[in-house]
Amino acid sequence: MSSLAQAQPGDLTFVSNTKYLRQLATTRASAVIVGGSNGAGSARAASTRPPASCAILRADDPYSTFARAVSLLAQAAPPATGVDALSSVARDASIGAGVSIGPFVTIGAGASIGARTILYPNAVVGAGARIGDDCVIHSQVSIRARVVVGNRVTLHDGVVVGSDGFGFARQKDGTHLKIPQHADVVIEDDVEIGANSTIDRPAVGETRIKAGAKIDNLVHIAHGVTIGRRALLAAQVGIAGSTTIDDDVMMAGQSGVIGHVRVGKGAVIGAKSAVLQAVDDGAFVTGIPAIAHGDWRKSSALFGQLPAFRKRVAQLERRIAKLEETLGRWRKPTKRR
Amino acid sequence: MSSLAQAQPGDLTFVSNTKYLRQLATTRASAVIVGGSNGAGSARAASTRPPASCAILRADDPYSTFARAVSLLAQAAPPATGVDALSSVARDASIGAGVSIGPFVTIGAGASIGARTILYPNAVVGAGARIGDDCVIHSQVSIRARVVVGNRVTLHDGVVVGSDGFGFARQKDGTHLKIPQHADVVIEDDVEIGANSTIDRPAVGETRIKAGAKIDNLVHIAHGVTIGRRALLAAQVGIAGSTTIDDDVMMAGQSGVIGHVRVGKGAVIGAKSAVLQAVDDGAFVTGIPAIAHGDWRKSSALFGQLPAFRKRVAQLERRIAKLEETLGRWRKPTKRR
Amino acid sequence: MSSLAQAQPGDLTFVSNTKYLRQLATTRASAVIVGGSNGAGSARAASTRPPASCAILRADDPYSTFARAVSLLAQAAPPATGVDALSSVARDASIGAGVSIGPFVTIGAGASIGARTILYPNAVVGAGARIGDDCVIHSQVSIRARVVVGNRVTLHDGVVVGSDGFGFARQKDGTHLKIPQHADVVIEDDVEIGANSTIDRPAVGETRIKAGAKIDNLVHIAHGVTIGRRALLAAQVGIAGSTTIDDDVMMAGQSGVIGHVRVGKGAVIGAKSAVLQAVDDGAFVTGIPAIAHGDWRKSSALFGQLPAFRKRVAQLERRIAKLEETLGRWRKPTKRR
Chain W
1 MSSLAQAQPG
11 DLTFVSNTKY
21 LRQLATTRAS
31 AVIVGGSNGA
41 GSARAASTRP
51 PASCAILRAD
61 DPYSTFARAV
71 SLLAQAAPPA
81 TGVDALSSVA
91 RDASIGAGVS
101 IGPFVTIGAG
111 ASIGARTILY
121 PNAVVGAGAR
131 IGDDCVIHSQ
141 VSIRARVVVG
151 NRVTLHDGVV
161 VGSDGFGFAR
171 QKDGTHLKIP
181 QHADVVIEDD
191 VEIGANSTID
201 RPAVGETRIK
211 AGAKIDNLVH
221 IAHGVTIGRR
231 ALLAAQVGIA
241 GSTTIDDDVM
251 MAGQSGVIGH
261 VRVGKGAVIG
271 AKSAVLQAVD
281 DGAFVTGIPA
291 IAHGDWRKSS
301 ALFGQLPAFR
311 KRVAQLERRI
321 AKLEETLGRW
331 RKPTKRR
Chain P
1 MSSLAQAQPG
11 DLTFVSNTKY
21 LRQLATTRAS
31 AVIVGGSNGA
41 GSARAASTRP
51 PASCAILRAD
61 DPYSTFARAV
71 SLLAQAAPPA
81 TGVDALSSVA
91 RDASIGAGVS
101 IGPFVTIGAG
111 ASIGARTILY
121 PNAVVGAGAR
131 IGDDCVIHSQ
141 VSIRARVVVG
151 NRVTLHDGVV
161 VGSDGFGFAR
171 QKDGTHLKIP
181 QHADVVIEDD
191 VEIGANSTID
201 RPAVGETRIK
211 AGAKIDNLVH
221 IAHGVTIGRR
231 ALLAAQVGIA
241 GSTTIDDDVM
251 MAGQSGVIGH
261 VRVGKGAVIG
271 AKSAVLQAVD
281 DGAFVTGIPA
291 IAHGDWRKSS
301 ALFGQLPAFR
311 KRVAQLERRI
321 AKLEETLGRW
331 RKPTKRR
Chain Y
1 MSSLAQAQPG
11 DLTFVSNTKY
21 LRQLATTRAS
31 AVIVGGSNGA
41 GSARAASTRP
51 PASCAILRAD
61 DPYSTFARAV
71 SLLAQAAPPA
81 TGVDALSSVA
91 RDASIGAGVS
101 IGPFVTIGAG
111 ASIGARTILY
121 PNAVVGAGAR
131 IGDDCVIHSQ
141 VSIRARVVVG
151 NRVTLHDGVV
161 VGSDGFGFAR
171 QKDGTHLKIP
181 QHADVVIEDD
191 VEIGANSTID
201 RPAVGETRIK
211 AGAKIDNLVH
221 IAHGVTIGRR
231 ALLAAQVGIA
241 GSTTIDDDVM
251 MAGQSGVIGH
261 VRVGKGAVIG
271 AKSAVLQAVD
281 DGAFVTGIPA
291 IAHGDWRKSS
301 ALFGQLPAFR
311 KRVAQLERRI
321 AKLEETLGRW
331 RKPTKRR
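Here the protein sequences line up with chains W, P and Y, keeping their order. Read in order, the letters of the first sequence correspond to residues 1 to 337 in my numbering. Read in order, the letters of the second sequence correspond to residues 1 to 337 in my numbering. Read in order, the letters of the third sequence correspond to residues 1 to 337 in my numbering.
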């Protein structure tokens with residue numbers, strides 16, 4: 001499996017982004033997956049052909065087809081099943097069949113681990129936490145007490161689930177009284193969370209990542225947040241407390257949402273945006289604060305022209321002053337007539 | 001303990017944000033803490049009453065009162081005291097009475113741990129580091145050599161304290177000579193630092209987080225920074241090297257401050273702002289670069305109207321050109337007279 | 001070794017930032033490194049002299065000279081060599097001479113560790129990963145399977161290298177099919193990566209951090225990214241997938257680059273910028289989206305004046321309407337003549 005540019009004889013590759021189509025003519029790959037006869041970019045694909053030595057495999061969705069090929073051909077070897085002698089598993093923990101528990105893994109009192117779940121070295125599962133079946137918990141992950149994780153969940157290295165929400169009540173002397181954060185965190189089935197992302201627990205209610213949501217690296221999910229089904233959150237996104245991100249929302253990198261609002265189903269948030277109020281279902285917003293994406297694009301394109309605007313306005317003021325002055329002089333003789 | 005919306009019979013809940021007051025009428029909670037007769041929102045609270053089955057508890061500060069109730073009723077069980085057999089504690093380390101040291105914890109040579117401090121699994125304390133009494137150090141935390149941590153400090157999972165500051169001197173050949181970062185980091189009493197935040201050490205001087213400061217998740221504190229007493233830094237904030245954040249400053253999420261400046265006592269920094277110069281005591285600044293919050297609000301509200309402005313300016317230019325042309329034609333006959 | 005302000009008798013200090021020159025007159029240091037006779041700021045340095053008790057050491061580059069002095073005088077004691085009894089090293093792993101492997105370190109099957117490399121407590125090296133000579137791998141680092149790390153590389157605490165890129169193909173039912181991310185990550189010689197930063201692996205091709213690049217804390221490098229030689233990435237930077245950051249690029253804190261573009265050799269990206277298209281060699285861009293830095297500076301300075309602009313434009317519209325009305329009245333009598 002290889003990229004179009006780096007493929008060698010014997011490699012299988014693919015083209016889904018038409019930006020890379022022209023590389024097709026010179027690829028050294030032995031086979032390439034391209035758009036089908038009715039796929040997007042198929043017209044251009046037809047005009048740019050790989051060398052005769054390269055087989056063409058047509059698919060309606062080359063990217064998904066490639067994904068399936070990778071799964072078949074490049075499956076990483078899973079670690080051996082069993083419980084490493086150098087792990088620390090509480091006597092009353094419930095451990096499913098076929099698990100793989102690596103060295104220096106800690107499983108707290110009363111925790112449960114589902115069947116075939118893999119815990120890489122140094123993962124920590126707190127007391128009373130429940131992890132489902134077929135999960136992959138990478139190294140340095142911390143799952144705090146009583147967190148609930150569904151089935152087929154992947155947590156990448158360094159993820160923290162169930163740390164305390166940032167909740168303090170300001171006292172009259174200016175100090176901050178901690179609001180204890182003891183409530184629930186639920187990660188539903190088929191969620192994937194990227195390296196070093198953090199998911200806080202709330203004082204009351206729950207933090208919930210719904211089924212099929214995918215979260216990238218270094219993302220912050222505050223206490224009491226709900227992330228909807230199949231939502232996609234790119235790297236370094238931050239969601240403040242008690243906000244709801246509805247199903248199928250897409251958030252681009254480094255964007256953020258204020259607390260206590262709702263981002264509607266299927267909404268799209270542009271890169272680096274700051275959402276400071278509720279967003280309607282299906283809306284596409286960008287900017288700081290976020291506004292309709294089309295408006296943001298047009299206004300952003302003009303931002304660099306502010307000095308020219310200022311000059312034009314100043315010029316208009318001078319021209320109009322001159323006109324006013326001219327007319328002022330004229331008015332008097334006119335009146336005399 | 002529960003939220004207003006999710007409370008069941010038997011639950012205690014509270015209302016502090018007036019936004020949620022209307023939920024009071026339908027709560028299933030058995031008791032609710034609301035603002036006192038002279039508390040904020042008490043008028044509205046009086047008009048929106050919970051069902052007869054729900055007891056009303058009045059408090060001047062419902063949020064703080066709720067916090068105290070949670071501490072009484074929902075106290076998490078602390079881990080057992082003692083030193084886990086699977087930990088690695090240097091022989092010359094000083095270990096206080098009543099500590100709890102979990103599995104796979106490392107305590108380096110000459111380090112000291114205060115009384116009743118809890119170290120969760122996998123925490124690492126470097127050589128010569130000193131941790132005070134009653135601290136809670138969560139899993140995957142790394143406290144580097146010689147770092148000093150006060151009393152009643154909480155470090156959430158994955159926090160790094162004492163990593164090298166980002167200090168390099170550019171050489172004539174374009175490479176970067178590392179400035180060794182060996183100086184001190186001090187975390188004073190009653191500080192709380194959120195998951196996966198990082199606090200760097202400097203080459204000289206010190207990095208210091210003063211008493212009572214609270215720092216959220218994924219925050220970056222560079223080398224030589226001072227964070228003032230009771231400062232609040234929300235998630236994903238970044239502070240560049242040698243900057244001073246004075247007492248009682250509040251920084252909203254994803255904001256940042258440039259190096260070598262001072263943010264004055266009690267200043268407030270809006271979400272996603274970039275502070276590129278010193279900020280006065282008590283100022284409220286927002287934006288990139290940060291300006292007075294009021295100015296930023298007004299200007300931000302107009303940003304989306306830039307295309308309309310451009311149109312209006314172009315229209316003015318056309319109208320004034322027409323006037324000038326008209327007057328130009330008139331001037332000649334006038335002069336002839 | 002100390003800073004100018006905090007130095008005590010017996011300390012060596014330095015001045016490189018002219019901002020701190022006036023502190024020279026009152027330093028208690030015993031010696032201070034300042035710019036040479038032809039160094040920058042030397043004129044001002046000459047006019048601000050330290051007390052007679054303080055020796056002056058002249059150097060063309062005071063910062064680099066100070067760095068070398070720190071290396072000589074303040075060298076941190078490295079941990080003892082050897083393999084800790086509480087580590088987990090695969091039987092077929094290759095371990096170089098003079099390594100230091102701390103407690104709770106895991107070295108996977110077939111991995112290799114070069115000579116004199118230090119692995120601090122809890123570091124995890126995946127199966128088949130290769131680490132070069134003289135590296136320093138701090139606590140809580142996770143190096144995933146088959147990652148390649150060069151010589152003299154420093155990875156600070158909590159760094160993740162080789163986690164899965166954020167690659168999914170949207171299916172017709174709205175779910176996301178994972179594109180398996182099994183390809184290579186290469187960290188070349190003399191790279192330093194800050195605490196809790198994350199470097200993803202791609203599905204095909206490779207992610208590569210080239211020789212001498214320096215990366216600060218909490219930085220996200222997505223799948224398939226190339227970071228050029230000697231590039232400097234400040235804290236909380238994010239680079240989206242398949243983008244190339246060329247040699248000698250400097251990115252200020254909290255900036256980000258979209259996927260599939262190239263940032264040219266020696267380019268500079270301002271703080272908090274969002275680069276949404278390719279950047280030319282040597283360009284300096286800032287803003288969201290990033291534009292030429294000079295344009296951004298001028299426009300940013302005017303941003304807070306948008307309300308005043310609006311007022312001026314509205315005033316112009318009223319004044320011109322009045323003129324038009326006046327001339328309209330005049331036109332008729334003129335025509336009658």
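Honestly, the hints are just simulated from the structure, not real lab data. Just so you know, not all the hints are guaranteed correct.
Since the list gives no way to pick out one identical chain from another, each pair is judged satisfied if it fits inside one copy or across any two copies.
What the hints assert, rightly or not - Dumping the calculated BS3-like pairs for lysine-lysine here, alpha-carbon to alpha-carbon at most 25 angstroms: (1) Lys311 <-> Lys172; (2) Lys322 <-> Lys311; (3) Lys322 <-> Lys172; (4) Lys322 <-> Lys178; (5) Lys311 <-> Lys178; (6) Lys298 <-> Lys322; (7) Lys298 <-> Lys178; (8) Lys298 <-> Lys311; (9) Lys178 <-> Lys19; (10) Lys265 <-> Lys172; (11) Lys172 <-> Lys298; (12) Lys265 <-> Lys311; (13) Lys265 <-> Lys19; (14) Lys19 <-> Lys311; (15) Lys265 <-> Lys322; (16) Lys178 <-> Lys265; (17) Lys322 <-> Lys19; (18) Lys172 <-> Lys19.
Here is what the structure says about each hint:
1. Lys311 <-> Lys172: Classified as neither; 51 angstroms inside a copy, 42 angstroms across copies.
2. Lys322 <-> Lys311: both (17 angstroms within a copy, 20 angstroms between copies)
3. Lys322 <-> Lys172: neither (60 angstroms within a copy, 58 angstroms between copies)
4. Lys322 <-> Lys178: Neither, since 65 angstroms and 63 angstroms both go past 25 angstroms.
5. Lys311 <-> Lys178: neither (53 angstroms within a copy, 47 angstroms between copies)
6. Lys298 <-> Lys322: Neither, since 33 angstroms and 28 angstroms both go past 25 angstroms.
7. Lys298 <-> Lys178: neither (45 angstroms within a copy, 35 angstroms between copies)
8. Lys298 <-> Lys311: both (20 angstroms within a copy, 12 angstroms between copies)
9. Lys178 <-> Lys19: between (52 angstroms within a copy, 22 angstroms between copies)
10. Lys265 <-> Lys172: between (41 angstroms within a copy, 17 angstroms between copies)
11. Lys172 <-> Lys298: Neither, since 47 angstroms and 32 angstroms both go past 25 angstroms.
12. Lys265 <-> Lys311: neither (44 angstroms within a copy, 35 angstroms between copies)
13. Lys265 <-> Lys19: Classified as between; 22 angstroms across copies, 30 angstroms inside a copy.
14. Lys19 <-> Lys311: Intra 40 angstroms, inter 35 angstroms, cutoff 25 angstroms: neither.
15. Lys265 <-> Lys322: Neither. Shortest intra-copy (56 angstroms) and inter-copy (50 angstroms) distances fail the 25 angstroms Cα cut-off.
16. Lys178 <-> Lys265: Classified as between; 22 angstroms across copies, 34 angstroms inside a copy.
17. Lys322 <-> Lys19: So Lys322 and Lys19 fail the 25 angstroms test inside a copy (55 angstroms) and across (48 angstroms) alike.
18. Lys172 <-> Lys19: Intra 60 angstroms, inter 23 angstroms, cutoff 25 angstroms: inter-copy only.
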